[in-house]
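Chain residues, written in single-letter form:
There are 2 protein chains.
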Amino acid sequence: MQDGIANEGEKSGAGFIKQMAIDAVIFGFHDNQLKVLLIRYKHSGHFALPGGFIGEKENLDDAARRVASERTGLKDIYLEQFYVFGDYSRYDPAPFRAVVGHNQVSPPDDHWLLQRFISVGYYALVDFVAAKPTPAAIFDSCDWYELENMPALIQDHTKIVQKALEALRANLDHKLVGFNLLPQNFTMGELQKLYETILNKKLLRPAFQRKMLSLGIMERVAKKYSGGAHKAPYLYRFVPGRKTGDDTK
Amino acid sequence: MQDGIANEGEKSGAGFIKQMAIDAVIFGFHDNQLKVLLIRYKHSGHFALPGGFIGEKENLDDAARRVASERTGLKDIYLEQFYVFGDYSRYDPAPFRAVVGHNQVSPPDDHWLLQRFISVGYYALVDFVAAKPTPAAIFDSCDWYELENMPALIQDHTKIVQKALEALRANLDHKLVGFNLLPQNFTMGELQKLYETILNKKLLRPAFQRKMLSLGIMERVAKKYSGGAHKAPYLYRFVPGRKTGDDTK
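If you read the sequences in order, they're chains A and B. Using this note's numbering, you'd call the opening residue of the first sequence number 2 and step up by one each time. Using this note's numbering, you'd call the opening residue of the second sequence number 2 and step up by one each time.
Excised from the complex, chain A in its bound form (with noise of 0.2 Å):
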């Protein structure tokens, strides 16, 4: 398992193939908002998402669904490849000096992780209360923050998330990705609420609840334990086997 750049492989480079990175943008949806995974490097103090490197004999979707679950503990998390970040000027290995040369008085210029990275953006899906954020050697907070309230991110991370947001957007409806943010049972209210956040707009219920029955692909499971006095909402859950694919596998 690989941990940050605190291996040997890390500090050479020895193993990976190079100038070529990996960032995760590893989506959860709690209380109502849109949440996204950020680690802040020690010695630094940067924000960034977390990101790796591809094994010289690893499938790039393997590289990126390692990177995924060393962050939130989680096994098969629903990954998706949506965009290869590859200008020139968002090379820019200041934040990572000090990452790289906090034991040095200076790190040498060719150090492996100092040259230009293009790298691939994967973003994920996960279920925010199963995943357990954990951070690498190398970074002192792994944690969940809300998309309107990030803190500023090395280079561009922040365009990163955008694209990768906006991804989820165009992929909410043709493959039904949201699903994959929700636990187990979940009512209709969650489930529009989970589309109005990620569209950023207000859906109308009945037109809503009948296009999402109409998929076939949710069935009622059982009552909502309710104590007050109001009507309790159905919950509901996948049929086994009709939940949509992961494209990577």
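By construction, these hints were calculated from the structure, which means they are not laboratory data. Hints may be right or wrong, so weigh each one.
25 Å max Cα-Cα, derived DSS-like pairs, lysine-lysine [to be verified]: (1) A:K176 - B:K164; (2) B:K133 - B:K212; (3) B:K76 - B:K176; (4) B:K164 - A:K164; (5) A:K212 - A:K160; (6) A:K160 - B:K176.
Model the placement of chain B on the given structure of chain A, informed by the hints.
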């Protein structure tokens, strides 16, 4: 101007990012058929997509534009990045041994072109009539092939074409990318044929025409001359400035 691996830089790999390539699926539309530009390597006879490498200080999109321009003689090409092909199983240096080694008894295994490459797929949409297919020094041909009638391609290039076609279909409506395949003036019939060919299904003329005209991006230019007795169809062109833009610009 880069010219295949005939120049010194590509012989040694100097000046290029290693283990990363671009493959360009260049589509043209002619005689109601969707065509794709393929090259054939000298010394091996292998057919492949036109491809290239990324200069150390070159933007990824610019590298793709350079590859597409060199093979078509066109500038201002509509290009779209659509997927990164990074499975380890696509690594197959065999087709390149003959190309790299044709002046040597046996090319060294550590030759940079015989390493594993991760490839960024771009599709390009060009005006078939304006394009001038141009082989590089190491190709003995660069020509259009019907999508339905392609020769066997190296590595996973057939899969790359298929994935490009899927992306083109998905973008046909919301990005209106198909217009880039037409000449300056075109008839409604030609536009419909283009859509039918890409989508591989028949469309109803009145609904199609209504939908296209409602977009407000095309205007009638003149009555098409017709020597025959049949009613000549109207010619259309894009309203300047309304044509859908190139994402990579």
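Evaluated hints:
1. A:K176 - B:K164: holds, 16 Å
2. B:K133 - B:K212: violated, 33 Å
3. B:K76 - B:K176: Within the cut-off at roughly 21 Å; holds.
4. B:K164 - A:K164: holds, 21 Å
5. A:K212 - A:K160: Judged against 25 Å, a Cα distance of about 32 Å means the pair is violated.
6. A:K160 - B:K176: Distance of about 21 Å is within 25 Å: holds.
Hints 2 and 5 from the earlier list are contradicted by this structure; the remaining hints agree with it.
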